[in-house]
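With chain A fixed as given, assemble chain V onto it according to the hints.
Sequences listed follow chains A and V, in order.
For the first sequence, counting from 1, position 233 maps to 233 in this note's numbering; every step adds exactly one.
For the second sequence, counting from 1, position 50 maps to 50 in this note's numbering; every step adds exactly one.
To be clear, the hints were calculated from the coordinates, so they are not data collected in a lab.
There's no promise every hint is true.
Going by beta-carbon spacing under 8 Å, a handful of chain A positions derived as facing chain V [as the list claims (entries may be wrong)]:
(1) F59
(2) A60
(3) P62
(4) L65
(5) D68
(6) R69
(7) F195
(8) Q238
(9) N239
All C-beta atoms, glycine included, are put in the ideal place defined by N, C-alpha and C.
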Amino acid sequence: MWRFVIRGLCFSLLPALPVLSNAKEISDFSANPDLPSEVVASGFEFLTPESQALQLDDFANPGFLWVDRGRLLFEKQEGKRACVDCHSERDSEMDSEMDSRREGKTDPESDGKVLPGSATRFPKINQDTNQLINLEGQINHCRVERQSLSPLPYESEQLLSLTAYVTSLSRNMAYDIAIDGTADAYYDRGRAYFFKRKGQLNLACSQCHDDNWGKLLRGDRISQGHPNAYPGYRLEWQNFGSLHRRFRDCDVGVKAEPFAAGSETYLALELYLKWRAKRLLIESPGIRR
Amino acid sequence: MLMIRIKAPSKAKKGEVIELKAMIQHKMETGYRRDRYGRQIPKDILRRFECIYNDVVVFRAEFFPAVAANPILVFHTIATESGTLLFKWVDEAGVESYDKVELEVV
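Okay, chain A solo, but in the shape it has when bound (with noise of 0.2 Å):
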């Protein structure tokens, strides 16, 4: 954060300085174009003191309303059992009482039985599908094969509930995201949506978050546009979303066609984006604008 207010302290007092620093900042990014700069900031860092307040305080952060309710879902049967009967939050441990309930129920091919860290995976490749599938695919895909219920649509306050508990879990916790094997040509592809200019403004993702970030767009500085906050909440929805959600707002931005939330183009941006903040810690249920 220091750096770009030093670098608009520079802006004001020495007009040859910036052009420096940013050339400087160029040449850094050509030798690593994966990555915004050297400097990897959250979008926590570009929030104004109160909201960071707000993301800090976990009882008053609204985002905990929905945490709060996707324990409730999560510990609801609903369908043939409810999620904790298969998934702990809990560490082994301290964890006795909830084998003899799950004894017998034991998937072997999933590895999400202890909850805290598996956020930080997604999206990854569904071994069934062999397709990318995100936090809120793999609910739905518990649903359907677990609980012979029927797939939550997206935004919908149960999935956005379930998810946010589900990351809440992985809360201060890094990205661990798999790029290859299949995962690759996602990745290829969620880059290529990042550096593709669109739009009726005709403008990349990468011209604001890797070129432009830490200036001045109207009121707001320019995040590098991570991931780590999401589901959260956002002030200028009053609500809770998905990250997809934000995607469709920066879409909408630029004046281009948004993508339906859960779509391959958005499941491979998220992974491509995930992969970026892979310095970052997972901060969900954040607060943004």
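Just chain V now, with coordinates in the frame of chain A:
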């Protein structure tokens, strides 16, 4: 079901000033906005809040359309006797949402 979050001490000394926090999930739709077809979105806000401490109203608030979604209230009261704190919201249609916590005064 509206999600409610309450933060209150479970124990307090007699005469102690205690801080109470109450948040509720509500969209607080103002009634001034229009949807993508130009139709007015009906007003849907919480109108009143009350905190009742053993049948005594210790805090009351009225809400208006300018109040943000998911309102949070932070207020104080004096711990007088052991009992129940009831937090109650009433919306436009008169529907009540409430939650309660027990307070032990020593």
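Hints, one by one, checked against the model:
Here the hint on F59(A) is kept, as its CB sits about 5 Å from the closest CB of chain V, short of 8 Å. The interface hint given for A60(A) is met, as the beta carbon of that residue sits about 6 Å from the closest beta carbon of chain V, less than 8 Å. Below 8 Å, beta-carbon pairs count as interface contacts, and P62(A) has one with chain V at about 4 Å; its hint therefore holds. The beta carbon of L65(A) comes within 4 Å of a beta carbon in chain V, closer than 8 Å, and the hint placing it at the interface holds.
Annotation: interface hint on D68(A) holds; nearest CB of chain V at approximately 6 Å, less than 8 Å. For the restraint placing R69(A) at the interface with chain V, the shortest Cβ-Cβ distance is roughly 5 Å, inside the 8 Å limit, so the hint holds. Interface hint at F195(A): violated, since its Cβ lies 31 Å from the closest Cβ of chain V, which is beyond the 8 Å cut-off. For Q238(A), the interface hint holds, since its Cβ comes within 8 Å of a Cβ in chain V; the closest pair sits about 4 Å apart.
Interface hint status for N239(A): upheld, as the beta-carbon distance to the closest one in chain V is roughly 6 Å, under 8 Å.
Checked against the numbered hints above, the structure violates only hint 7.
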